[in-house]
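Enquirer: Residue strings, one per chain:
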Amino acid sequence: MKILVCVKQVVDTSKMEVDPNTGRLNRNGANSILNPCDKNALEAALQLKQQTGGTVTVITMGPPQAGAVLLESVSMGADDVYLITDRAFGGADTLATSYTLAAAIRKLGNDFDLIFCGQESIDSNTAQVGPEVAAMLGIADVSAAVGFQWQDGKAIVTRQVGEGCEVLELHLPAVVTAAPALNTPRYPSVQGILRKYETEIHQLTAVDLDVEPERIGLKGSPTQVRGIRPVVPPKKENLKIEDQAPAEAAAALAEALAKVNVI
Amino acid sequence: MDFSDYKGIYVIAEVRDGKVEKVTGELLGQARKLAEKTGDPVEAVILGSGVKERAQDLIAYGADVVYVMESPLLAHYDGMAYEKELGALLKEKKPSAILFAATPYGRDLAPRIASAVVCGVTADVTELSVDEKTGLIVWSRPAMGGNIMADIISPQYRPQVGTVRPSTFDLPEADASRKGSVVEVPVTLTEKDLGTILKEIIPAPKEENPIEEAQIIVAGGRGIHSEEEWAQLHELADLLGGSVGASRPICELGWEPHSAQIGQTGKSVAPHIYFAFGISGAMQHICGVKADIMIAVNRDKNAPIMEMADYAVTADLKDFLPAFIAEVKKIQEK
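For the record, the sequence lines run as chains A and B. Number 70 in the working numbering belongs to position 69 of the first sequence; there are no gaps in the numbering. Number 478 in the working numbering belongs to position 111 of the second sequence; there are no gaps in the numbering.
Not the full set, but computed from the structure, chain A residues with beta-carbon under 10 angstroms of chain B:
1. D124
2. N126
3. T127
4. G131
5. H172
6. G228
7. E238
8. E243
9. D244
10. L258
If you're looking for bench data, these hints aren't it; they were derived computationally from the structure. Beta carbons: idealized from backbone N, C-alpha and C, even for Gly.
So that you can see chain B by itself, here it is in the shape it has in the complex:
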């Protein structure tokens, strides 16, 4: 089949509260990397109300062209309306590939577009590459409960489409001086094209983030000597999107509720990452921990935990914690 008409790697942008979502920047960064190999331009589409001002942000992240679809009827995501407008544009423009964010919106819109345009979609992609021989995009995703990676291609159909997990790829540096073109696309929607009416938005209750379900646990023990130091564990956990856990003595001091206690008399946890700050590694505690990666920071380099940990740092926590938090912030801001 001849697909020479199909050009451009497209990114469907998401804007919330007047700001381009981080994942959209991540997708543009990936689109640029793919485009360098395939020789395609990177094009972005932005739908919404009052979103035109954001076009330059997309150019700064790597878009060469931005299509803007403005309408009050696009202010909130509606599958039917978004499919109608975006589908018509994509049928006309014939992209080679389209990247959607694997958000609640992107996971609904991408398949609707697939039906409208007649193409395939790979869901929840975590790796992207270009097949050297064929120039096809290889969309890789975890499958079968995360035990295997599947590499998906779309050789007989265009566009090639995938939804990409947020926070999988690095956010590229925005270059405000980058130049690109902005194309306003007329929107023909009427009220009748909407499938839903937004009644209300209920903000999520402040999440308790129970440690049994946490992927990242920042835990501390007796090696932490003051409540001020303890508060830094919460700061670090918030930065990393994790939960705070504690050894028994900390809970007995009342610095942390019993629900955060890990070990024989507390909870068993199985996070991906376990930080042990000032925890000696006594069996009563460590029997409740099964982590893929364990990081220990302790003043005593002979503490049993230092042998169990994958990363062991001998340091005084009073000085180490603020320094480490500063480093994490530095890396995250990049």
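Chain A extracted, bound-state conformation:
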């Protein structure tokens, strides 16, 4: 089985703070890490490989330093890794990113049986790249999988919906995006850590891919951030209700709480 995993290097937003006065991000002490859900995606790929044999290839798009997350993937067990990097890819939103990843997947042969992605990145949380890549390749996908099994030559995927879970048989090739609940990612092995020093990161740039220049990078990105602003906390009142009949007090409180969307 040929398995692909798409990963992303992200800033660890849990270590990031916003200056309440300026609304600016304070990145002090926030490291770049392998996006947490992408580890679940890689874990699912590695488990599948253990069951069926084959290879696990990991790709990422980003600046040269994003190679670090590819080496981390190798230390966990990935077989080969590709860095898709070019200044022309810079400023990409999810559509331009997915377009570029799809082009890279075609370049690599477009013969993957399964493509795993993390459900969403912690720095933008859109959960769009997985389904967008699937649509660009014209294949099926299941988003936010909480279960994945390989049974009798079939991929059985569980996805959480409103009041429960749907168990689906997924036609391959397909994209599966991993929710945090899918599995517990393994730690790097000693062998893997040693192997990462010998592993070559293959690079793919814009000229290596069959891409239209107006579909990549900032130019190929339909969404633009017009601006950011600090979140204004809901305006609560300092309200005291005294000396009222219970029904009137209840109505007054309910009305005040509806105003700040508590009810």
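We have chain A already, so just place chain B on it with the hints.
Expert: Same frame as chain A, but now just chain B:
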């Protein structure tokens, strides 16, 4: 670029168990508000099996036109099949904007449609507005762990698309007498177009809703005098989608398990909203509470909690609780 061909604010409807989902009504209400500013019609698309009867519900919430795509193959959400049918319709109709619900389905379908139609999607929108100068829709969403709001626009591409969080916007009043047109769109799907086969649906186990993770906590203390009164806290918590917490004496009475105990010898909680009913505000309890908004109801207006709370109501709980529950129901039914 000339986008004068692109007209209409579209809402992709969701139907479950034969009923239009509440979020779809919320989206139609928002679409109407946007349409008033942009001058567009509001159009809805409904895909599924046996969904045609629901078209009038969408009109009642504000749709001028409803496109119905009926097929047994659309009975369950399948990304590939839904993208194929909806994508073809949208390419033909050229909407100015499309609103999807940010549900597990909408969050999968919207990006698939973006790839098919070539447009952008703003995820998990919580505020919507129209830029007065350009007429562009401004899609706003919390970013960076909810610390900032980002305002997103799509000036160079159409349609403009977003997924909108459920329960963010008010459900408009349905007007059953509203008129609109229903257009049946032929579906050309075959089995081969499906990417998935639904094997089974596993209902979620009754959620325990642990108080450490709760956004809303309805807590009570010694000021509540009977188990019947205590049961009303559960009713209120269910109404608000919250969890019930308790002070130590209540747990010692056995009205609530120890897992619900908040304070020094119990759990620490950090909900968005904390209701304290009949809790005096003793340090042993309150040291375990860090809430954005605290609401206290107590018979004693000099209880320490009344100074800590953002909303302090002096009342007898026996009478106050049933009255308050009735008020909450009234507001929620609106």
